[in-house]
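Student: Chains A and B, in that order, are what the protein sequence lines are.
Taking my numbering, the leading residue of the first sequence gets 4, the next gets one more, and so forth.
Taking my numbering, the leading residue of the second sequence gets 773, the next gets one more, and so forth.
Keep in mind that the hints were calculated from the coordinates and are not lab data.
Mixed in with the good hints, there may be bad ones.
With a cut-off of at most 30 Å between alpha-carbon atoms, the simulated DSSO-like pairs for lysine-lysine come out as follows [stated by the list, open to error]:
(1) 882/B to 86/A
(2) 60/A to 12/A
(3) 814/B to 60/A
(4) 872/B to 12/A
(5) 814/B to 74/A
(6) 774/B to 74/A
(7) 73/A to 814/B
(8) 60/A to 839/B
(9) 12/A to 73/A
(10) 828/B to 60/A
(11) 872/B to 828/B
(12) 17/A to 60/A
(13) 60/A to 774/B
(14) 86/A to 17/A
(15) 814/B to 774/B
(16) 74/A to 60/A
(17) 774/B to 828/B
(18) 814/B to 12/A
(19) 882/B to 839/B
(20) 12/A to 839/B
(21) 882/B to 828/B
(22) 872/B to 73/A
(23) 839/B to 872/B
(24) 872/B to 774/B
(25) 774/B to 86/A
(26) 774/B to 17/A
(27) 12/A to 74/A
(28) 12/A to 86/A
(29) 774/B to 882/B
(30) 872/B to 86/A
(31) 872/B to 814/B
(32) 828/B to 839/B
The lines below spell out each chain.
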Amino acid sequence: DGGITQSPKYLFRKEGQNVTLSCEQNLNHDAMYWYRQDPGQGLRLIYYSQIVNDFQKGDIAEGYSVSREKKESFPLTVTSAQKNPTAFYLCASSDGGQGYEQYFGPGTRLTVT
Amino acid sequence: QKEVEQNSGPLSVPEGAIASLNCTYSDRVSQSFFWYRQYSGKSPELIMSIYSNGDKEDGRFTAQLNKASQYVSLLIRDSQPSDSATYLCAVLILTGGGNKLTFGTGTQLKVEL
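Just chain B, same shape as in the assembly:
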């Protein structure tokens, strides 16, 4: 089982709709969770971080965390064509040698006019 799993997509949504991106993780002791947006050919950009169960909202983005189910999601409201990108879920793993992020392979989102 992969440590962080995401559906690769592509996920297609019409402009103005809500896009829902999902991620599951295997390490029960993980405490920090992140969503990165990556445009084609560019580096990842941090868009959301979440540390406790529940919802966290920032503008059109809402991150949701359920540690019992080992599940984290990202909702994008009023989706725009400029939201078309690959979204990477990342989970912080605490180890004796340091703290490492483990990334999922990403979900490609396409927002259609």
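Isolated chain A (complex conformation):
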């Protein structure tokens, strides 16, 4: 089955700890994206990558880091510098076709206390 997987589904961490969220796709898509979703605020772009070994900051990159060493994988690290890390994190990918349609993974719900 082709698709995007994110793990884990739920993640709990203490304040001050870094945490890495996994995103893997087997769709052979070049572009990958990370969003966070908070109630009433829609989806906000954290980082995106159009090609392996290259990535750009999105609208809310502060306190986050990413890597893109393989086409299939785009992990997101939430660092202790992120002031409000509790959120629903969504990974998406796109093949850059006509409209750059993006397809989402199931998401990871992170709670930091």
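Assemble chain B onto chain A, guided by the hints.
Tutor: Okay, now just chain B, sitting in the frame of chain A:
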């Protein structure tokens, strides 16, 4: 002004009726427009994409685009309780650093028996 605006709802329609969801956007050069459906606690699912002025139909869904008025809509015919969800409008923004989707905050649709 927000880049993509939607009425947050909730929009309530009786079963079998037509649901009409609306979205306006501010970037005149946007070329690609998308509608996502998001059930509570789940990730967004792409249901329609539209790139040129006019209507595009897919089953019970019709997307309508008017670039002159910077307006895109989604009609759902014969609404079913299973259509109850939040519908996100997304607009593709072309930038020097890549192509990004900007999302509205979503309209909650409730289909009542």
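Student: Does each hint fit the structure? Answer for all of them.
Tutor: Results for each hint:
no. : hint           : result
1   : 882/B to 86/A  : violated, 34 Å
2   : 60/A to 12/A   : holds, 24 Å
3   : 814/B to 60/A  : holds, 25 Å
4   : 872/B to 12/A  : holds, 25 Å
5   : 814/B to 74/A  : holds, 25 Å
6   : 774/B to 74/A  : violated, 33 Å
7   : 73/A to 814/B  : holds, 27 Å
8   : 60/A to 839/B  : holds, 29 Å
9   : 12/A to 73/A   : holds, 22 Å
10  : 828/B to 60/A  : violated, 33 Å
11  : 872/B to 828/B : holds, 23 Å
12  : 17/A to 60/A   : holds, 26 Å
13  : 60/A to 774/B  : holds, 20 Å
14  : 86/A to 17/A   : holds, 13 Å
15  : 814/B to 774/B : holds, 25 Å
16  : 74/A to 60/A   : holds, 18 Å
17  : 774/B to 828/B : holds, 26 Å
18  : 814/B to 12/A  : holds, 11 Å
19  : 882/B to 839/B : holds, 28 Å
20  : 12/A to 839/B  : violated, 39 Å
21  : 882/B to 828/B : holds, 23 Å
22  : 872/B to 73/A  : holds, 21 Å
23  : 839/B to 872/B : holds, 19 Å
24  : 872/B to 774/B : holds, 15 Å
25  : 774/B to 86/A  : holds, 24 Å
26  : 774/B to 17/A  : violated, 34 Å
27  : 12/A to 74/A   : holds, 22 Å
28  : 12/A to 86/A   : holds, 22 Å
29  : 774/B to 882/B : holds, 25 Å
30  : 872/B to 86/A  : holds, 24 Å
31  : 872/B to 814/B : holds, 22 Å
32  : 828/B to 839/B : holds, 14 Å
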